[in-house]
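Undergrad: Sequence:
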Amino acid sequence: MIQFQDVPYLRPDMDAMEKEMTAGITALRQAKTFPEAYYALLSLEAPRRKFMTLATLVEAHNTMDTNDEFWAGEQAWFDQAKPRWDALCVDLGKALNETPFRKEFELHLGTEIFRQAETTGRAFSTAITPELEEESVLSAQYSKISGNLSVEMDGKRYTMGELSQLQKPGDRDDREKFGMLRQQAFAERSEELDKLYDDLVHVRDRMAKKLGFASYTDMGYCRQGRTGYGREQVAAFRKEIEESITPVVTAIFEKQRQKLGYDVLWDFDEDVSFAGDGPKVKDGEVQELFDDIFGELSPESRVYYQDLRRCAFYDLGDRKGKIRGAYSNYVPIYEMPFIFETFDRSPGAVKTFAHECGHGLHSYLKRGEPFLESGNATSDICEIHSMAMEFFVWPYLNKVYSEEDLKKYQFFHMKNSLSFLPYGAAVDEFQTEVYDHPEMTPEQRLELWRSLEKRYLPWRKYKHEGFLSQGRAWQRQTHVYKWPFYYIDYVLAQVCALQYHFMDEENHENAWNSYLRLLRCSGFQSFDETLALAGLESPFAPGVVAQVGKKAMEFLEKNG
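Note that numbering that gives the first Met the number 0 numbers the sequence shown so that position 548 is 547, with each residue one more than the last.
Worth flagging that the hints you see were computed from the coordinates, not collected in a lab. From the three backbone atoms N, C-alpha and C, an ideal C-beta is built for every residue, glycine too. You can take every hint at face value.
Distance condition first, Cα-Cα at most 20 Å in a straight line; then the derived EDC-like pairs of lysine to aspartate or glutamate:
(1) Lys-462 to Glu-253
(2) Lys-407 to Glu-269
(3) Lys-453 to Glu-464
(4) Lys-258 to Glu-175
(5) Lys-281 to Glu-402
(6) Lys-49 to Glu-73
(7) Lys-194 to Asp-435
(8) Lys-350 to Asp-291
(9) Lys-460 to Glu-175
(10) Lys-143 to Glu-68
(11) Lys-460 to Glu-446
(12) Lys-258 to Asp-172
(13) Lys-481 to Glu-58
(14) Lys-176 to Asp-268
(15) Lys-350 to Asp-317
Okay, the calculated beta carbon distance ranges per label pair:
(16) Lys-93 to Lys-194: 34 to 44 Å
(17) Ile-332 to Gln-257: 51 to 61 Å
(18) Ile-332 to Gly-211: 36 to 46 Å
Just need the whole structure built from these sequences, with the hints factored in.
TA: The structure is reproduced here in structure tokens:
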């Protein structure tokens, strides 16, 4: 099979694609029998798979090097074409909801696709095309900024990835020095980041008001495709995290402070759970180290990963111009996921690689479905695919770490998973407040974040005045700029992923079969219905968050 680097690219002819899509949608609307409707929908697969493949190629190459003028130009073209494409997809959703053959289609597509079409359709109109184009331009600016962050040290400028390679995590003075260098890199662009976010808030507010939403928060929920719950349930979920998880995490960091013998645990100390160096990855490229991990985990993961490696559908290197971040995108024509990460050999990078491979396994397992809809799912479900995989690889990480370092990694991962919950909740409340009150000034947004840190992350202390102490931690979060209201999906998924971990400890076969069931049924039903099919408890159910937190704390107390 062809290597990713050899996949050819040709800018799509939007006029021709629109004509082909319109013909298929019209045929779906005019179908007199279910078979006619079925094959009308099937006729739309070719143009959709082509458009999605080319769009994914452009995003991949653009994020691999934001300074490449050709790919930047193609990304700008797709950003401009996207509202036109979205209009076709919304029209298709309306046609599906209007078909008299809905019951027959539900057998093939599930029930959720119809609710999704209605929900996301409310958040789109050609009337907001100018705002959508402006949003895309602004979003690209954040990618450009983050991909080119650098800072001067000893007369030379270093990227964020290069700093990670130079730092000695076990040396506290080094952590403080490099922590300040990272802050300085962001601080040099802080005025741009303030203005960029202000522009994004206002353009999103304008489009929400044009469509009749009270605020962009409500529109954002529709864009995320949330059908089974709303902002009230999410607010209650955040409240439970604040009340039941924040005190637990505060106690964890206090114990860590005492164990390390520090008078104060500063923000740059939080990832250091043990004296001395942290876990170090064995020699070799990460994709090679994971060969045996996915080979031993299951037959499904073995075949998937062998194909991924054979075709090299990934980019894991670090270079100037490459964005800081990670993702897995499906390339429909080649029926393969493309995995992107800036791998720096840190424990977080190992966790992230497993995470993206979890996304990839889902799309790989669904690749034989005749309709693209069958492989789609909302991000709250999709993030369970990835975050659960982070834990499923635990028994095999001796391929990556020594026995001593593996214990350190597992402690880091569990502590990180638990402490992430309050942070993720704070990010979501921040966005809710910002979009409910778009008149806020940049300084008021910084004050808002500082107040949220005191509530959700009261253990956090900054030794130096600077970028983070000003209330700018959220500016390092790509999702805040590019994908508003996505972040709470990670928090919901983390609660489910922890359930999988504890299930896996009790019975691996049962846990893995449940996970495969989740992967295969994702996208067919609502969030809670899907969890029930897999045998997971909903994070919205009273007491589930506290129960998961209690088990995680027991692990940390036992292994700390």
